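Asker: What follows is the residue order along each chain.
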Amino acid sequence: MPTDTVIATHALTKRFGDVLAVDGLDLDVRRGEVYGFLGRNGAGKTTTIRMLLGLIRPSAGEVTMLGRRIGPGETSVFGRVGYLVETATAYPNLTVRENLDIQRRLTGAPKTAVADAIERLGLSQYADRRADHLSLGNKQRLSLARALLHAPDVLVLDEPANALDPAGIVEVRDMLRSLADERGVTVFMSSHILAEVAHLADRIGIVHDGRLLEELDRDELAAKARSYIEVRTSDLDRAEALLRAVGFAHVEREGDTLRVFGAGERCPDIARALVSAGLELTSLTPTSEDLETYFLRLTGG
Amino acid sequence: MFSSVLATEFLKLRRSKVTWLTLGGLSMGPLALALFMWIVREPGRAAQLGLLGTKANLSGLEATWAAYGSALTLIVGAGGMLLLSFIVAYVFGREYADGTAKNMLALPVGRRWFVIAKLVVVAAWWAALVVAVLAEAFAVGLALGLPGFSASLAADIVRNTLLAAGISYLLAPAVAWITAAGRGYMPPLGFAIAMMALGNVFGKTGWADWFPWSIVPSMIGMVGSPVRTLPPGSYVVLGLTFVAGIAATIAQLRWADNVQ
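Here the protein sequences come in this chain order: A and B.
Sequential numbering of the first sequence, starting at 2, is according to our numbering.
Sequential numbering of the second sequence, starting at 16, is according to our numbering.
It is worth saying that the hints were derived from the structure and are not from the lab.
This structure is a prediction, so every number in the text was calculated from the model and none was measured.
No residue lacks a Cβ here, since even glycine has one placed at the ideal position from N, Cα and C.
Some hints could be false.
As the list claims (entries may be wrong) - Interface residues of chain A toward chain B, partial, derived using beta-carbon atoms under 8 Å: (1) GLY55; (2) LEU56; (3) ARG58; (4) THR76; (5) SER77; (6) TYR84; (7) ALA91; (8) ASN94; (9) PHE262; (10) ALA272; (11) VAL276; (12) GLY279; (13) LEU280; (14) LEU282.
The whole structure should be built from the sequences, with the hints applied where relevant.
Answerer: This is the structure in structure tokens:
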């Protein structure tokens, strides 16, 4: 295990009866890294996060966080870990401030930490409002404030952008990025907003059916994402046949466009072939797969 | 660290309506008893108020401090067993109902301290209820002017009520375990009702001293005549039930999968 490893799993497996939720997962998340954990519904993301936090016990394998093996009775490491699992929850009869005060007392954070967390998550005007009177977005902010309150070295966040408005998503993204860059906080986050992960994560793990399909950093994603030229024309059938005839072997139909793979910089050749055959060319766009397309291709979506 | 956990457990009750609901529920007992006593003592006036039919159902009840005290013990003992289960179900079950259980399981605090702190909160809540209801019962009884009051009878009423309340509390950890295992309010309430029913069955079949949930009903006279002095074996059974309940609740939080 590298010396800067903060979260590591080895052959991590979880079985619920006949269902294999997580299957031999090996992860290695390093200090100061934002790790995006992607997967479709039921892929095993939340089960993995619960095992990282010791909320459920692995059927096999192990989790190590900050050098400590996570198991029954392990508590010392959690003073340095903040987390949010699945939905944002709080004590409904207590105010935002009181909910955070509970976290402060349990983590031994200083008294000023509550006001700081309220300020940081933009909850000042709701500080004395009961949690059951908060909007979903503000409940999410409260849960994030709870995770950040004791200035943890590791953040484990399950869908941190849930219920946030677009401005809130950007705000949280910037906050997590600066925590990683300036304080060296390690962020392990799952998300179904792939653009969000693509913007924020240094490394991405894609999990499917409980197994880690691929792990890649930004450069690797850029290298693996397929490039193609997107063609819109008046007659797709004729255009497709024509392009194949002039040597573009890999042409795919996608809605009202054609995607020409392996065409490199050959936009002029495509334009010339179509126009000279009398086809009306509406648009010709060199395109690269984004994370979403790559993810769907990998997971069979 | 335990003091911090305990402080947070008390903080969680702030603005909770359930604390007042339980006080309201239990305090109805002495008021209802006082009404019965008044009907027995003043049948003429009760008839004028249309309460004579009720009087017919109260034959055998005397309007005395002794009868009032026995009935009070019965109400706190029998009603209290259910009410206490309700309190335990609330204190432990709300963490699952509100989805907050996961927030207290990955902290730099041993999970056992949450179990113990919650049981301390339940004990304080229950003790406050019982003391409040005893104070209310004495005030109502004295206001009614029931005959036969003496310091020794008052001491007996207090002793029997506190003993029934204390024994009921020893059964609370088992209800806490069912709440943690069932992750919600309904399993512990179902468990409490089932145990009360079984307690009656065992009480009538000669096992009242040995089945934990028969001991209070037997003591307060819910099953046969009141048994005011328990055999040592009953205390051993109650002690074991208490310890086993705590151990099982801690084990549940420590070893079982906490999936919400």
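Asker: Now look at each hint and say whether the structure bears it out.
Answerer: Verification of the supplied hints:
Interface hint status for GLY55/A: upheld, as the beta-carbon distance to the closest one in chain B is roughly 6 Å, under 8 Å. Taking 8 Å as the C-beta contact cut-off toward chain B, the hint placing LEU56/A at the interface holds, the least distance being around 5 Å. Hint status for ARG58/A relative to chain B: holds, with the closest Cβ pair at about 6 Å, below 8 Å. A least Cβ separation of about 5 Å between THR76/A and chain B falls short of the 8 Å threshold, and the interface hint therefore holds.
Look at SER77/A: its Cβ gets to within about 6 Å of chain B, closer than 8 Å, so that hint holds up. Taken as an interface hint, TYR84/A checks out: its beta carbon lies about 6 Å from the nearest beta carbon of chain B, inside 8 Å. The beta carbon of ALA91/A comes within 7 Å of a beta carbon in chain B, closer than 8 Å, and the hint placing it at the interface holds. Look at ASN94/A: its Cβ gets to within about 5 Å of chain B, closer than 8 Å, so that hint holds up.
At its closest, the beta carbon of PHE262/A sits 44 Å from a beta carbon of chain B; the interface hint therefore is violated under the 8 Å criterion. At a threshold of 8 Å, the smallest CB-CB gap from ALA272/A to chain B is about 57 Å, leaving the interface hint violated. At a threshold of 8 Å, the smallest CB-CB gap from VAL276/A to chain B is about 61 Å, leaving the interface hint violated. The interface hint given for GLY279/A is violated, since its Cβ lies 64 Å from the closest Cβ of chain B, which is over the 8 Å cut-off.
This hint is violated: LEU280/A has a C-beta 58 Å from the nearest C-beta of chain B, more than the 8 Å allowed. Annotation: interface hint on LEU282/A violated; nearest CB of chain B at approximately 56 Å, more than 8 Å.
In the structure shown, a violation is registered for the earlier hints numbered 9, 10, 11, 12, 13, 14, in ascending order.
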